[in-house]
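Participant: Residue strings, one per chain:
Number of protein chains: 4
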Amino acid sequence: MKRVGIVGASGYVGGELLRLLLSHPNAEVTVATSRKYAGEYVFRVHANLRKATNMVFAPLSMKRLTEECDVVFLATPHGQSAKIAAQLVEAGVKVIDLSADFRFRDPSLYEVWYKWKHPKPELLQEAVYGLPELHREEIKRAKIVACPGCMPTAAILALAPLARSGLMDPEHVVVDVKIGSSGAGVAPSMATLHAERFGVVRPYSPAGHRHTGEIEQELSALAGRPVKVAMSAHAVNVVRGILATCHVFTDKEVKLVDLWRAYRGMYGNEPFVRIVKDRRGIYRLPDPKVVIGTNFCDVGFEVDPHAKRIVALGAIDNLMKGAAGQAVQCFNILVGVDEKTGLDFYGFHPV
Amino acid sequence: MKRVGIVGASGYVGGELLRLLLSHPNAEVTVATSRKYAGEYVFRVHANLRKATNMVFAPLSMKRLTEECDVVFLATPHGQSAKIAAQLVEAGVKVIDLSADFRFRDPSLYEVWYKWKHPKPELLQEAVYGLPELHREEIKRAKIVACPGCMPTAAILALAPLARSGLMDPEHVVVDVKIGSSGAGVAPSMATLHAERFGVVRPYSPAGHRHTGEIEQELSALAGRPVKVAMSAHAVNVVRGILATCHVFTDKEVKLVDLWRAYRGMYGNEPFVRIVKDRRGIYRLPDPKVVIGTNFCDVGFEVDPHAKRIVALGAIDNLMKGAAGQAVQCFNILVGVDEKTGLDFYGFHPV
Amino acid sequence: MKRVGIVGASGYVGGELLRLLLSHPNAEVTVATSRKYAGEYVFRVHANLRKATNMVFAPLSMKRLTEECDVVFLATPHGQSAKIAAQLVEAGVKVIDLSADFRFRDPSLYEVWYKWKHPKPELLQEAVYGLPELHREEIKRAKIVACPGCMPTAAILALAPLARSGLMDPEHVVVDVKIGSSGAGVAPSMATLHAERFGVVRPYSPAGHRHTGEIEQELSALAGRPVKVAMSAHAVNVVRGILATCHVFTDKEVKLVDLWRAYRGMYGNEPFVRIVKDRRGIYRLPDPKVVIGTNFCDVGFEVDPHAKRIVALGAIDNLMKGAAGQAVQCFNILVGVDEKTGLDFYGFHPV
Amino acid sequence: MKRVGIVGASGYVGGELLRLLLSHPNAEVTVATSRKYAGEYVFRVHANLRKATNMVFAPLSMKRLTEECDVVFLATPHGQSAKIAAQLVEAGVKVIDLSADFRFRDPSLYEVWYKWKHPKPELLQEAVYGLPELHREEIKRAKIVACPGCMPTAAILALAPLARSGLMDPEHVVVDVKIGSSGAGVAPSMATLHAERFGVVRPYSPAGHRHTGEIEQELSALAGRPVKVAMSAHAVNVVRGILATCHVFTDKEVKLVDLWRAYRGMYGNEPFVRIVKDRRGIYRLPDPKVVIGTNFCDVGFEVDPHAKRIVALGAIDNLMKGAAGQAVQCFNILVGVDEKTGLDFYGFHPV
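Protein chains in written order, with my numbering: chain W, 1 to 351; chain E, 1 to 351; chain C, 1 to 351; chain Z, 1 to 351.
So here's chain W without its partners, still in its complex pose (with noise of 0.2 angstroms):
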């Protein structure tokens, strides 16, 4: 059993780590941190966790976090999580950071993707990017875990078997990404007014998203050799769930027998990474309203020979597999448990 803190869990994502730790067989809550709501019911803002406890969300306190937790989960905007962590891993308590700050391993990369200069570049390297189907083993032994967000983590786990194969062209590579509101985080604005926001299919971030260079990054390792990347964001109409459908060009005759063995090849064990790629039915590629509440990563493909294109797909919960669910997967990596331990919810059908 330990015991574990959760900063900022008032937001979405520490709603969805509160819901998962608070029945999680070995982990115990001490600590849930909110500014805002400092004081207030935990089910007053979560209020799916009526009865499900009686829990006060806490200020936030360096003292009862280092004396409380053995590890402490940040779900604070990039920027806070860099300080925060920097001080529990000084007092030996392990980090499972939400952010973006620990998940680069160049800190020159953080100036060209945040503007931003690391306030702890030599942290850098007690961090391991918490994505478990490539960086399991180091994930066992690290003091902070990065968790990549929910675009990178579709967008990889889509095209990792394709870098790793050596089956793309590293300068062709769109990864176009649909995502629902909840991406966007509780703060309310004009872009996310509900009269506003339902029905859009709306390009925010066409070029230049942040999360590019990560994806970059683990793509690259895998390749062997630079992989560049052209994102684009969209808003859709759902609260919760992403699809990145990610379109690579390749100067090879690509057959779907190699694309089978590729993704079979790296995912065939994984408990967490479905391949779907039905002939048939409507739910024959990945989408994420099949995995809405899940930890499910669906991952799915096609030729387009016309086109000398291969399509990969990857679809998530972006509350789970895409934050709180993948974070909840590195704790039990870390601590030595059953990957699946507490998050063995097949989704809704249908939702």
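FYI, nobody ran anything at the bench for these hints, they're computed from the structure. Computed from a predicted model, the values in this text were never measured in an experiment. Please note that the accuracy of each hint is not assured.
Identical copies go unnamed one by one, so any copy, or any two together, can satisfy a pair.
With a straight-line cut-off of 30 angstroms between C-alpha atoms, the simulated DSSO-like cross-links for lysine-lysine are [said to hold, decoys possible]:
| no. | residue 1 | residue 2 |
| --- | --- | --- |
| 1 | K115 | K255 |
| 2 | K115 | K277 |
| 3 | K51 | K140 |
| 4 | K51 | K120 |
| 5 | K36 | K277 |
| 6 | K36 | K308 |
| 7 | K308 | K115 |
| 8 | K140 | K36 |
| 9 | K252 | K120 |
| 10 | K255 | K2 |
| 11 | K252 | K277 |
| 12 | K340 | K51 |
| 13 | K36 | K120 |
With chain W held as given, fit chains E, C and Z onto it using these hints.
Facilitator: Frame of chain W; chains E, C and Z shown alone:
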């Protein structure tokens, strides 16, 4: 461990029964039938169950059901359950029926509300109305548990404390129901086509709804005198969820504290009923959004002294507490395990 | 050609007024004010109007309104309209007010329903309740037209024939309203955040809604005796549209033909009321989906002999017949042109 | 005044043609056919047209079409239009076809993309691709106007300035399409059932979509060399609207000013193309939500120097500029009236 069968497993209720029972520690699903999909993998229809099971739908076989099952769930249309149930009871198999075929105690009510003559009226004495909050003890000994559907469950649980406490005028009870599209089942039609069904607030059954009769049966029993229910049903733009807004007139001067006493008295120890009546917060009253995926019925109330009215609210997931979840709750009671077994899921925030 | 001004033109009602009046053959929009967006192009806020106008929002100026306008539309919050209207009437400018400030004939009702003392009670005598179906003749001569909002419009038009014909029991009148998110206006909040508002069936005002008073005022006048209204409001998962389901008890034996006579008698010649009561079809009763974008109020009805009830239904687009469309209809009456001018849009199928 | 007929008037495109043409000052709808609904009132199917018309659907009659129509709109499935059109052209009736049957100039392309041998290849010379922005002059003299559907319209208008200006690498052109459910037509199926279709982000045609061929035909003609298009189609949770996100690689150093020049040069005077590329605002790029109900195609663009990519965006209402609106625009050109006649509707904010 009980061997269970599910008849009608390819529908939405059947899919939820499969999801719940496949991971239920006291159940082993031995047969799941589907006329339309016999021979097909379950996960081709219920895409969420990919990797959860490699089970295949079976054709309906009374032989298999009687030989391989201790308990059979009937997710079959009205009229079909009666025939199957009769044979199963004969063979000593317990039946949990999700159709309307055994819900009335008085066989003549089938002719009133369904224009249908019950083929086995004597069996109605073996049946119990499967609403645990009202009939827990009888369910333990029943041969047939006749689970109520979504509208009666939401309406009866919202109104029961008022009926029992004598606070309501039994001649002026309005039940205004709003329901999602999964309640209409899996058969495609113009009425359920996405382009036609999306965005509606559609009054599809303003008067004369069949479920009126069973709501009256249960409320009258609680009130000790005949209760008339004026029910209307509306389709709204969600997939899951139902809200019953009950408008009850009263000649008494009712105060909030009277209502608190009535609802707490009835539901204070119920595992799946939550009283939701807060002073603030956007989820201060029952909203089906909060219970999606759970077996909870959230109930709430308000007093309207101006119009001499009480408003009682009941929110459930129509496929869970309104169908499959309630059936599993009844199964737990029937087989003598903790009523919450397999039903410990707290919903999502947000979804 | 009348010179018109719009105060509060950056809100949703203001945007619809702009859209309708910019292409109205008898109106020239001379001023459109917005506190928040003064100096900004109209099309930055109302993106649909890109290429329709290069107009810029102006700050509020009584001088401009009085000098440059013959008629001013007030899409301002409750409390503000009263002050502005007084000055405009003084200057001989006609006012079409979309707030609640001039809807009651009896000033004491403001204290009951709004906890507010009217600052210019004498002006109420210059005002007419702007529902053309009830007050067409008075609107022609009014100095202030006090247009009802969406809930009163839907409820009153649904119930008026019953009130006038004496078919309803005035003590047992339930109005159960379902409304889209645009009714909550443009101010972002947790309650209207897409992730929180999407998928709700949320009872946000079960009793005591402010609009109850004006519905009672109008129905009582028609009935010739006091009518009590028991109203509840729910938020549903659409942007536009409102359905009022009215449950009316009656001691008389009412037949469908009586209802046809009452509704046809009242609305047979109305340009913007359609009686929707077909025997078949998925749109056989009023559904706001059908009237989106139009100025129609679709009304329908059903008899429930079992519960001695009449169900009356009214469906409108809350921003059109429930606000801007109705205001333009009143404008047409006021200035003496064909009532349908500028309002000839038939909605979409599907939308 | 032209007498017009609509074949296939009970579908969604037919319904929009009816709505537009019934109020068109230069058209008189003399025949509207429907196989399924012959004899039924139009407003039973297209409920929005209640009170707009008492027209009844007619069975298909070549005699009536040739005798009573000057222009016939064919909203018929692929394969049927070719036969009907041949007879109409023979009789001197102008044809505006909304199927794919006359879109290719090269008959062999039908065998490539549709596995279908064109029955009247000689008629292709009488046909013009009905995209006014590219073929306005030819439309004036055509016997058959072959209107493109929603995907080609959005993609071609987004990419045309890049093709014409030589800014794009013709071997690496990705078109990632997101479309609403009305694009799938009126035939109910499991794929379009509300409970299954709601909330999806579903990649239903990742490669090999039939419309690829016509996009290539038009872009190649503009570019003066063969262009290959890599297209993927996704279903999203709206009823109307389509967004084409086009990812184009380029070896040149492209600046925003080059794109402004290319787009302004091509669309500066177009009545139905708006360039949407603002610095701020939530609608700063094309979003189909803004064009619902209108005949606009909103186009926008962005440069991605990091990946040597241009992102081009096209947003339309699939039933308007993607079908019925475009057909009426072509009709206006064909009969020599102002191109905007009957198409002056500006969309809603919000919807």
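Participant: All hints are to be evaluated individually against the structure, with a verdict given for each.
Facilitator: The hints, checked one at a time:
1. K115 x K255: between (42 angstroms within a copy, 22 angstroms between copies)
2. K115 x K277: For K115 and K277, the Cα distance is within 30 angstroms only across copies (24 angstroms; inside one copy 40 angstroms).
3. K51 x K140: between (34 angstroms within a copy, 26 angstroms between copies)
4. K51 x K120: Close neither inside one copy (41 angstroms) nor across copies (42 angstroms); limit 30 angstroms.
5. K36 x K277: This pair counts as between: shortest inter-copy Cα distance 23 angstroms, intra-copy 44 angstroms.
6. K36 x K308: neither (52 angstroms within a copy, 39 angstroms between copies)
7. K308 x K115: Between copies only: 21 angstroms across, 36 angstroms inside.
8. K140 x K36: For K140 and K36, neither the intra-copy (34 angstroms) nor the inter-copy (48 angstroms) Cα distance is at most 30 angstroms.
9. K252 x K120: neither (43 angstroms within a copy, 39 angstroms between copies)
10. K255 x K2: neither (48 angstroms within a copy, 48 angstroms between copies)
11. K252 x K277: Within one copy, since 22 angstroms is at most 30 angstroms while 37 angstroms is not.
12. K340 x K51: Both ways: K340 and K51 sit 25 angstroms apart in one copy and 13 angstroms across, limit 30 angstroms.
13. K36 x K120: within (27 angstroms within a copy, 42 angstroms between copies)
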